[in-house]
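Number of protein chains: 2
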Amino acid sequence: MYGECNHPADSSSCNRGLPEETQTNINLMDVFNFVDLLPAKNGEEPTMQFLLEIVEILTNYVRKTFDRSTKVLDFHHPHQLLEGMEGFNLELSDQPESLEQILVDCRDTLKYGVRTGHPRFFNQLSTGLDIVGLAGEWLTSTANTNMFTYEIAPVFVLMEQLTLKKMREIIGWPDGEGDGIFSPGGAISNMYSVMIARYKFFPEVKTKGMTAAPRLVLFTSEHSHYSIKKASAALGFGTENLILLNTDKRGRVIPADLEAKVIEAKQKGYVPMFVNATAGTTVYGAFDPINEIADICEKYNMWLHVDGAWGGGLLMSRKHRHKLNGVERANSVTWNPHKMMGVPLQCSAVLVRERGLLTGCNSMCAGYLFQPDKQYDITYDTGDKAIQCGRHVDIFKFWLMWKAKGTVGFEQHIDKCLDLSAYLYDKIKNREGFEMVFDGEPQHTNVCFWYTPPSLRSLPDGDERRERLHKVAPKIKAMMMESGTTMVGYQPQGNKVNFFRMVISNPAATRSDIDFLIEEIERLGHDL
Amino acid sequence: MYGECNHPADSSSCNRGLPEETQTNINLMDVFNFVDLLPAKNGEEPTMQFLLEIVEILTNYVRKTFDRSTKVLDFHHPHQLLEGMEGFNLELSDQPESLEQILVDCRDTLKYGVRTGHPRFFNQLSTGLDIVGLAGEWLTSTANTNMFTYEIAPVFVLMEQLTLKKMREIIGWPDGEGDGIFSPGGAISNMYSVMIARYKFFPEVKTKGMTAAPRLVLFTSEHSHYSIKKASAALGFGTENLILLNTDKRGRVIPADLEAKVIEAKQKGYVPMFVNATAGTTVYGAFDPINEIADICEKYNMWLHVDGAWGGGLLMSRKHRHKLNGVERANSVTWNPHKMMGVPLQCSAVLVRERGLLTGCNSMCAGYLFQPDKQYDITYDTGDKAIQCGRHVDIFKFWLMWKAKGTVGFEQHIDKCLDLSAYLYDKIKNREGFEMVFDGEPQHTNVCFWYTPPSLRSLPDGDERRERLHKVAPKIKAMMMESGTTMVGYQPQGNKVNFFRMVISNPAATRSDIDFLIEEIERLGHDL
Numbered sequence: 001m002y003g004e005c006n007h008p009a010d011s012s013s014c015n016r017g018l019p020e021e022t023q024t025n026i027n028l029m030d031v032f033n034f035v036d037l038l039p040a041k042n043g044e045e046p047t048m049q050f051l052l053e054i055v056e057i058l059t060n061y062v063r064k065t066f067d068r069s070t071k072v073l074d075f076h077h078p079h080q081l082l083e084g085m086e087g088f089n090l091e092l093s094d095q096p097e098s099l100e101q102i103l104v105d106c107r108d109t110l111k112y113g114v115r116t117g118h119p120r121f122f123n124q125l126s127t128g129l130d131i132v133g134l135a136g137e138w139l140t141s142t143a144n145t146n147m148f149t150y151e152i153a154p155v156f157v158l159m160e161q162l163t164l165k166k167m168r169e170i171i172g173w174p175d176g177e178g179d180g181i182f183s184p185g186g187a188i189s190n191m192y193s194v195m196i197a198r199y200k201f202f203p204e205v206k207t208k209g210m211t212a213a214p215r216l217v218l219f220t221s222e223h224s225h226y227s228i229k230k231a232s233a234a235l236g237f238g239t240e241n242l243i244l245l246n247t248d249k250r251g252r253v254i255p256a257d258l259e260a261k262v263i264e265a266k267q268k269g270y271v272p273m274f275v276n277a278t279a280g281t282t283v284y285g286a287f288d289p290i291n292e293i294a295d296i297c298e299k300y301n302m303w304l305h306v307d308g309a310w311g312g313g314l315l316m317s318r319k320h321r322h323k324l325n326g327v328e329r330a331n332s333v334t335w336n337p338h339k340m341m342g343v344p345l346q347c348s349a350v351l352v353r354e355r356g357l358l359t360g361c362n363s364m365c366a367g368y369l370f371q372p373d374k375q376y377d378i379t380y381d382t383g384d385k386a387i388q389c390g391r392h393v394d395i396f397k398f399w400l401m402w403k404a405k406g407t408v409g410f411e412q413h414i415d416k417c418l419d420l421s422a423y424l425y426d427k428i429k430n431r432e433g434f435e436m437v438f439d440g441e442p443q444h445t446n447v448c449f450w451y452t453p454p455s456l457r458s459l460p461d462g463d464e465r466r467e468r469l470h471k472v473a474p475k476i477k478a479m480m481m482e483s484g485t486t487m488v489g490y491q492p493q494g495n496k497v498n499f500f501r502m503v504i505s506n507p508a509a510t511r512s513d514i515d516f517l518i519e520e521i522e523r524l525g526h527d528l
Numbered sequence: 001m002y003g004e005c006n007h008p009a010d011s012s013s014c015n016r017g018l019p020e021e022t023q024t025n026i027n028l029m030d031v032f033n034f035v036d037l038l039p040a041k042n043g044e045e046p047t048m049q050f051l052l053e054i055v056e057i058l059t060n061y062v063r064k065t066f067d068r069s070t071k072v073l074d075f076h077h078p079h080q081l082l083e084g085m086e087g088f089n090l091e092l093s094d095q096p097e098s099l100e101q102i103l104v105d106c107r108d109t110l111k112y113g114v115r116t117g118h119p120r121f122f123n124q125l126s127t128g129l130d131i132v133g134l135a136g137e138w139l140t141s142t143a144n145t146n147m148f149t150y151e152i153a154p155v156f157v158l159m160e161q162l163t164l165k166k167m168r169e170i171i172g173w174p175d176g177e178g179d180g181i182f183s184p185g186g187a188i189s190n191m192y193s194v195m196i197a198r199y200k201f202f203p204e205v206k207t208k209g210m211t212a213a214p215r216l217v218l219f220t221s222e223h224s225h226y227s228i229k230k231a232s233a234a235l236g237f238g239t240e241n242l243i244l245l246n247t248d249k250r251g252r253v254i255p256a257d258l259e260a261k262v263i264e265a266k267q268k269g270y271v272p273m274f275v276n277a278t279a280g281t282t283v284y285g286a287f288d289p290i291n292e293i294a295d296i297c298e299k300y301n302m303w304l305h306v307d308g309a310w311g312g313g314l315l316m317s318r319k320h321r322h323k324l325n326g327v328e329r330a331n332s333v334t335w336n337p338h339k340m341m342g343v344p345l346q347c348s349a350v351l352v353r354e355r356g357l358l359t360g361c362n363s364m365c366a367g368y369l370f371q372p373d374k375q376y377d378i379t380y381d382t383g384d385k386a387i388q389c390g391r392h393v394d395i396f397k398f399w400l401m402w403k404a405k406g407t408v409g410f411e412q413h414i415d416k417c418l419d420l421s422a423y424l425y426d427k428i429k430n431r432e433g434f435e436m437v438f439d440g441e442p443q444h445t446n447v448c449f450w451y452t453p454p455s456l457r458s459l460p461d462g463d464e465r466r467e468r469l470h471k472v473a474p475k476i477k478a479m480m481m482e483s484g485t486t487m488v489g490y491q492p493q494g495n496k497v498n499f500f501r502m503v504i505s506n507p508a509a510t511r512s513d514i515d516f517l518i519e520e521i522e523r524l525g526h527d528l
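Protein chains in written order, with my numbering: chain A, 1 to 528; chain B, 1 to 528.
One should not assume that every hint holds.
If chains are identical, the list can't say which one is meant, so a pair holds when it fits in one copy or spans any two.
What the hints assert, rightly or not - Below 27 Å or equal to it, Euclidean Cα-Cα: the simulated DSSO-like pairs (lysine-lysine) are:
(1) K299 x K261
(2) K429 x K200
(3) K71 x K374
(4) K471 x K208
(5) K268 x K208
(6) K266 x K208
(7) K475 x K416
(8) K166 x K111
(9) K166 x K475
(10) K64 x K268
(11) K64 x K41
(12) K111 x K165
(13) K496 x K374
(14) K41 x K166
(15) K427 x K475
(16) K427 x K41
(17) K71 x K475
I should point out that these hints are in silico values taken from the structure, not numbers from a laboratory.
Just so you know, these numbers come straight off a predicted model, no measurement behind them.
Put together the whole structure using the sequences plus the hints.
What follows is the structure in structure tokens.
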């Protein structure tokens with residue numbers, strides 16, 4: 001099957017470079033190329049025709065994404081795709097291609113990609129394909145504007161402002177007061193938090209550089225996201241000044257370890273400045289005890305950031321938000337709606353409790369963008385808060401989804417995902433061949449486990465068993481991808497050999513998909 | 001006219017919250033809400049219906065965007081939009097809205113926005129609405145994946161790699177060798193360049209922080225983009241260690257000033273590390289003399305970055321690329337296809353001549369993402385090069401446009417825009433009431449000028465005239481926005497009072513639109 005053109009609704013304009021059996025309706029596209037599209041004088045008809053052909057390709061893809069009888073992916077190695085699959089040529093050339101060929105290219109791009117919305121795609125924290133969110137992105141692209149000024153994005157700027165306020169209310173800051181901005185992902189949001197903390201305590205670093213401050217140290221869990229480390233390197237702290245905190249067996253920071261390390265740092269003459277508490281770690285889905293960490297931050301006058309990139313969504317659930325108790329005591333919070341809340345990529349917010357810091361930290365007063373003599377209230381311009389200049393409109397899809405689902409809709413989605421992970425946990429905790437990486441019900445949707453093939457089960461604990469078990473998950477994953485039936489992640493952690501990390505944020509997933517995953521792991525791994 | 005529903009093709013589903021005359025076909029949407037969409041069991045029909053309704057709204061918007069009889073914008077103040085325009089309610093609520101209302105919200109969002117693709121929108125460096133680029137964005141949203149691994153974005157990762165190589169070839173690096181990455185905008189791309197330079201000269205800063213390095217200084221033109229200053233602040237150099245270079249009357253760096261300031265810095269014991277040469281400044285569109293700056297960088301062993309965010313596109317034009325002569329001597333280059341090349345926002349690349357630096361600088365080896373034991377060649381994973389973790393797919397729309405236009409299509413677009421700016425320059429350089437901010441043909445499409453109303457023309461040069469002239473551009477701009485006929489930017493620069501900065505990157509613009517702009521400025525400003 002080529003280009004997946006065998007669906008009746010998919011029969012348009014694939015008549016070039018295709019095997020004969022898929023050559024179907026010859027239509028308008030045959031004779032047009034890009035110069036015939038708008039803004040060409042008579043470009044309206046071909047433009048509408050072209051866009052509708054694209055939409056047909058996309059809606060077919062959407063349909064198939066949710067069809068369990070289709071594969072999650074059709075895997076090929078880089079060299080295979082680079083050599084050109086059945087005429088799919090990735091190379092760019094000097095001369096234009098016809099619009100007909102462009103449509104074929106679009107089809108092929110989707111064919112060789114990964115269906116991240118497929119009910120059996122569990123590979124990342126961001127999964128699923130929300131239809132209202134998708135519509136929001138299509139509109140955003142069509143509006144094609146920039147968040148830096150109210151002048152050219154009035155509606156989006158206001159939507160961002162109202163949504164950030166709502167998020168701050170949900171965090172629990174009085175009257176939703178504070179500040180915030182949408183950024184191109186959780187890593188950048190976390191970077192903002194470190195920058196703002198530094199500006200709060202040592203504003204002179206902005207002008208004089210890091211040498212104007214004493215030796216500053218930051219703290220984060222050994223299980224936290226690597227973006228805190230990236231920020232330490234990028235912002236000039238140095239990764240050695242990021243001190244990793246010990247965790248309990250569930251991957252939660254041990255507050256006493258934080259206090260001990262703060263005291264130790266102070267004794268060395270360093271200045272403890274910033275603590276990151278993770279709400280939902282990447283691998284274990286652990287929630288650090290925010291209240292206890294906040295006590296220590298208050299005692300030693302440190303900035304408390306909560307990285308809720310993954311776990312922030314649980315704030316929408318009355319049943320699960322207690323896992324973030326104390327978040328209202330944070331100075332800043334990262335929260336990625338593009339993860340647990342199912343908003344299309346990219347959608348990440350950093351929220352700041354104290355007003356003025358974001359602008360103070362990042363403002364450079366560029367006269368050509370942020371003219372003080374505009375006719376409207378320029379406090380609505382957001383550009384001077386950002387480390388970016390141009391900024392993509394990430395708010396609209398989120399705003400539109402919130403309108404369509406209501407707060408209750410997000411809550412239902414989150415509760416459902418957590419129920420599914422409890423179902424998975426119950427299913428495998430005592431199942432033969434499965435072993436949990438840590439004991440007890442998962443706090444988030446992360447379920448971490450080893451699958452041990454029969455051939456290893458009788459081996460005694462020891463290096464040989466460990467080495468062989470370490471190779472099992474990669475092998476099963478490779479076979480999964482080759483067969484294209486499902487996708488789930490694996491990784492080692494500390495001294496633990498490779499294990500599967502199952503995460504559920506996909507609104508399309510059901511118990512039957514969880515069952516399928518487990519059976520698939522057993523099927524593929526049985527004879528290893 | 002409400003919601004612009006009077007177009008025959010626009011007659012769907014606006015029957016709630018609308019004045020009676022626009023209540024038309026009642027259809028499927030009336031009874032559905034988001035829970036009826038896919039992945040709901042029988043969600044396919046309402047999903048397709050909903051998406052087609054959205055597409056109808058969007059294609060109508062596209063049609064009108066290119067229609068000169070429509071306004072560029074329908075301006076309202078923030079408080080007006082916040083109060084709710086004719087039922088357009090921006091507030092989020094706990095309970096879901098119907099899909100019908102969602103469609104109305106989409107319509108309203110577009111109605112109160114700004115048509116950045118309109119032939120008379122000249123307000124920013126990024127303008128226009130390329131139809132193939134738009135199709136590319138729609139597909140990107142539908143694929144909804146993430147650039148960090150080949151595993152989940154095989155096709156997009158390869159497209160990025162091939163496109164970056166092509167861009168490096170065009171820059172002139174032998175065999176297109178080197179490295180690079182697409183980032184969320186020019187400011188972040190410029191930030192990358194400073195980080196990489198620091199890593200090249202002082203790799204220990206990554207682990208030990210800025211205190212491990214001597215006092216480092218950076219150089220950039222007083223006319224350069226403020227993102228270099230933002231990077232100096234964020235990365236811990238401090239803005240005082242960014243030394244501003246004097247420019248000639250055209251806004252180009254004076255190389256002798258650079259050398260003098262380098263020598264001065266060295267005499268103070270500072271270490272000159274990084275020079276930014278701008279290829280196409282934001283306001284004047286000036287091109288710094290790269291070859292002469294490169295000579296000085298080589299002499300004093302400094303990193304040369306070329307910020308071609310705005311001017312990089314000229315590399316595609318055989319006629320204009322000489323303005324970037326010497327760019328092949330740069331260590332890194334920022335180039336934003338979303339500006340002069342008309343690619344939808346966001347699309348920015350940073351290109352690096354030396355392989356390995358990007359990864360060396362940013363790698364944190366996160367085991368849970370970048371497993372060394374995958375079944376494919378993991379050198380294709382890009383995540384460890386980035387300061388981001390998740391990364392939006394910005395490549396596809398650009399790749400698709402390149403396919404559709406060919407290199408020659410970009411060249412034609414750029415040559416046409418520069419021809420138009422020459423036309424504008426010729427038209428106003430001797431026109432009564434107009435005065436150029438600097439003499440001579442513009443290097444880029446930036447044309448900077450004052451319009452002096454008749455009432456000021458007889459005033460002698462001096463403070464009063466300056467003060468009154470300073471207020472003219474903001475007043476005209478405000479009236480322009482209120483009437484919605486066109487949009488162009490203004491700003492002061494140094495000791496020069498507010499002037500208009502006309503830029504042309506919009507593929508829809510023609511000479512008649514330039515004529516219109518000038519007449520509109522005269523019409524609105526005549527009686528000031």
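To see whether the hints hold, each was checked on the structure:
no.: 1; hint: K299 x K261; result: within (14 Å within a copy, 47 Å between copies)
no.: 2; hint: K429 x K200; result: neither (47 Å within a copy, 50 Å between copies)
no.: 3; hint: K71 x K374; result: between (54 Å within a copy, 20 Å between copies)
no.: 4; hint: K471 x K208; result: neither (50 Å within a copy, 35 Å between copies)
no.: 5; hint: K268 x K208; result: both (24 Å within a copy, 16 Å between copies)
no.: 6; hint: K266 x K208; result: both (24 Å within a copy, 18 Å between copies)
no.: 7; hint: K475 x K416; result: neither (31 Å within a copy, 55 Å between copies)
no.: 8; hint: K166 x K111; result: between (39 Å within a copy, 24 Å between copies)
no.: 9; hint: K166 x K475; result: neither (45 Å within a copy, 36 Å between copies)
no.: 10; hint: K64 x K268; result: neither (60 Å within a copy, 66 Å between copies)
no.: 11; hint: K64 x K41; result: between (37 Å within a copy, 13 Å between copies)
no.: 12; hint: K111 x K165; result: between (41 Å within a copy, 24 Å between copies)
no.: 13; hint: K496 x K374; result: between (59 Å within a copy, 18 Å between copies)
no.: 14; hint: K41 x K166; result: neither (46 Å within a copy, 32 Å between copies)
no.: 15; hint: K427 x K475; result: within (23 Å within a copy, 69 Å between copies)
no.: 16; hint: K427 x K41; result: between (63 Å within a copy, 25 Å between copies)
no.: 17; hint: K71 x K475; result: within (19 Å within a copy, 59 Å between copies)
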